[in-house]
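Enquirer: Protein chains in written order, with the UniProt record's numbering: chain V, 1 to 290; chain R, 1 to 290.
I should point out that these hints are in silico values taken from the structure, not numbers from a laboratory.
Possibly wrong hints are sitting among the right ones.
To be verified - Cross-link-like lysine to any residue pairs, in silico, SDA-like; alpha carbons within 25 Å at most: (1) V:Lys135 - R:Ile243; (2) R:Lys135 - V:Glu249; (3) R:Lys135 - V:Asn246; (4) V:Lys135 - R:Gly128; (5) V:Lys135 - R:Lys285; (6) V:Lys135 - R:Pro88; (7) R:Lys285 - V:Gly52; (8) V:Lys135 - R:Arg120; (9) V:Lys135 - V:Val217; (10) V:Lys285 - R:Arg215; (11) R:Lys285 - V:Glu249; (12) R:Lys135 - V:Arg154; (13) R:Lys285 - V:Val217; (14) R:Lys135 - V:Ala31; (15) R:Lys135 - V:Lys285; (16) R:Lys135 - V:Val217; (17) V:Lys285 - V:Trp253; (18) V:Lys285 - R:Arg120.
Protein chains: 2
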Amino acid sequence: MQIAFAGSHLDRADHIRADAAALTALMDWRARVLLLDGLDPVITPEGTLSWGTLADTQADSELVFLGLADGRGHFAEVSPAMIGSVAPANPRLWAAMASLSHDELATYGAARSLVDWHARHRFCARCGSATVLAKGGWQRSCTSDTCTGEHFPRVDPVTIMLVEHQGNLLLGRQPRFPPRRLSTLAGFVEPGESIEEAVAREVFEEVGVRVHSVRYVASQPWPFPSNLMVGCHAIAESTELTIDHNELEEADWFTRAEVEAAMRGDEDARFIAPPPQAIAHHLIKWWLER
Amino acid sequence: MQIAFAGSHLDRADHIRADAAALTALMDWRARVLLLDGLDPVITPEGTLSWGTLADTQADSELVFLGLADGRGHFAEVSPAMIGSVAPANPRLWAAMASLSHDELATYGAARSLVDWHARHRFCARCGSATVLAKGGWQRSCTSDTCTGEHFPRVDPVTIMLVEHQGNLLLGRQPRFPPRRLSTLAGFVEPGESIEEAVAREVFEEVGVRVHSVRYVASQPWPFPSNLMVGCHAIAESTELTIDHNELEEADWFTRAEVEAAMRGDEDARFIAPPPQAIAHHLIKWWLER
Numbered sequence: 001m002q003i004a005f006a007g008s009h010l011d012r013a014d015h016i017r018a019d020a021a022a023l024t025a026l027m028d029w030r031a032r033v034l035l036l037d038g039l040d041p042v043i044t045p046e047g048t049l050s051w052g053t054l055a056d057t058q059a060d061s062e063l064v065f066l067g068l069a070d071g072r073g074h075f076a077e078v079s080p081a082m083i084g085s086v087a088p089a090n091p092r093l094w095a096a097m098a099s100l101s102h103d104e105l106a107t108y109g110a111a112r113s114l115v116d117w118h119a120r121h122r123f124c125a126r127c128g129s130a131t132v133l134a135k136g137g138w139q140r141s142c143t144s145d146t147c148t149g150e151h152f153p154r155v156d157p158v159t160i161m162l163v164e165h166q167g168n169l170l171l172g173r174q175p176r177f178p179p180r181r182l183s184t185l186a187g188f189v190e191p192g193e194s195i196e197e198a199v200a201r202e203v204f205e206e207v208g209v210r211v212h213s214v215r216y217v218a219s220q221p222w223p224f225p226s227n228l229m230v231g232c233h234a235i236a237e238s239t240e241l242t243i244d245h246n247e248l249e250e251a252d253w254f255t256r257a258e259v260e261a262a263m264r265g266d267e268d269a270r271f272i273a274p275p276p277q278a279i280a281h282h283l284i285k286w287w288l289e290r
Numbered sequence: 001m002q003i004a005f006a007g008s009h010l011d012r013a014d015h016i017r018a019d020a021a022a023l024t025a026l027m028d029w030r031a032r033v034l035l036l037d038g039l040d041p042v043i044t045p046e047g048t049l050s051w052g053t054l055a056d057t058q059a060d061s062e063l064v065f066l067g068l069a070d071g072r073g074h075f076a077e078v079s080p081a082m083i084g085s086v087a088p089a090n091p092r093l094w095a096a097m098a099s100l101s102h103d104e105l106a107t108y109g110a111a112r113s114l115v116d117w118h119a120r121h122r123f124c125a126r127c128g129s130a131t132v133l134a135k136g137g138w139q140r141s142c143t144s145d146t147c148t149g150e151h152f153p154r155v156d157p158v159t160i161m162l163v164e165h166q167g168n169l170l171l172g173r174q175p176r177f178p179p180r181r182l183s184t185l186a187g188f189v190e191p192g193e194s195i196e197e198a199v200a201r202e203v204f205e206e207v208g209v210r211v212h213s214v215r216y217v218a219s220q221p222w223p224f225p226s227n228l229m230v231g232c233h234a235i236a237e238s239t240e241l242t243i244d245h246n247e248l249e250e251a252d253w254f255t256r257a258e259v260e261a262a263m264r265g266d267e268d269a270r271f272i273a274p275p276p277q278a279i280a281h282h283l284i285k286w287w288l289e290r
């Protein structure tokens, strides 16, 4: 399963992050800096990511070390203009990302998550003082002498699940989806629960159905802003749905033939399937191919 | 696999969190409040968690809604004394937890993660203003009119992996472990990588070994402070180890017989196995039983 946003060829070179001398040595004329328009990628006419040099960055920007390739440091810039601005994913962004290779999409996704985190985490959650970038952007440190809090980029685990009952599949519609789009149910893992518990709780909360036999299928980093999608399969004990309309506009069961028609993109399919960038697409494909 | 810190019988009743009237109605004389000593549980002579009532709480405490059982609201208190104090896990805590049932250990773990998060997240990371508890403790909201940032309890996904080569198992020792204790390697999932990529990166960083065929085995919530342990199995391509001594004191390969001896607790075993509360224990057991 080749899942979007995973598979970057950059070596994260974690040992360099805490080595100030090594990091500085990489910040030379050979260093590459990812060009961003807000948080969106700048796409070349050839459909690749655009990279500049340190000469293209602003003096008061922060730099995040993304990793190494060809012996060159690769960085992303957190410019003052980005700070506090949260640009949600939009159709223009999706069109831009569609032109990127699998590898470059993953590099962009990691950069986007990190830059977004720096733009929205300027202060120490413990004491309220200003923080500064540390360890090549893989940490922010509190500037208060009495606090010295250390903060790390956040990754939020989210369960996303194929729920099956006697060969039929449960799909639902979140209010923010494009017209006729349906997808697998999903929800954040909370403190104090396993992946399997989170799957069961979310399905019960959203549609009132109990599930068992939860099994892991695949995972995906999702950079909006920084989720770890944990794809699972579960068996429903019943089919009657009690939909939580705060979470879902609609939800229903679909036959294998109906799901196949949607994945083929048939015009008269009952719904429009999730796009290939989404792990839901791969989960459904996995389910059809079993 | 009955894994510690999962399996609480409390119904998280997520629909109540955002319903101020329902939440207030649960804050009556029947409400139960988990008694804590710092972040540690207060254990009864019978070896169970101690619960008080709202009358036992301080007027200036914050209350976290843990969930429902027997129609009663269950809460945890974030008292002013806890704020900013981070009490690490300690031998006294492990002894206390060992007396708890599976169910109560999970209830305590979730409460500990949430209380700890509130104690260390008093300010808005976006603007530095003070935050207040919201949605029954499942959110903190910024008090600045111009920011209105919303913050959610953090769950950090961590990969933890059985690494195998021709029937031998790779185990390592972190500096903080008790004497002779070894365990499976582990490390945080970073922004922009899948679970499978995180496993491969961490093993390479820590011992210089490439792995393939990563598969998921089991998961566990780990309340120190709030990790989601994602247990995996992977196959090593080679056996020569280049140990990163910033991460590990030692690491080595162990035969099946050596691992069995350690799990039995043999006095002359090559190492001491991880305790049953740790997912590493269950992963090793799973590996031996395959």
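Enquirer: What hint numbers does the structure not satisfy?
Expert: 5, 7, 9, 11, 14, 15, 16, 18
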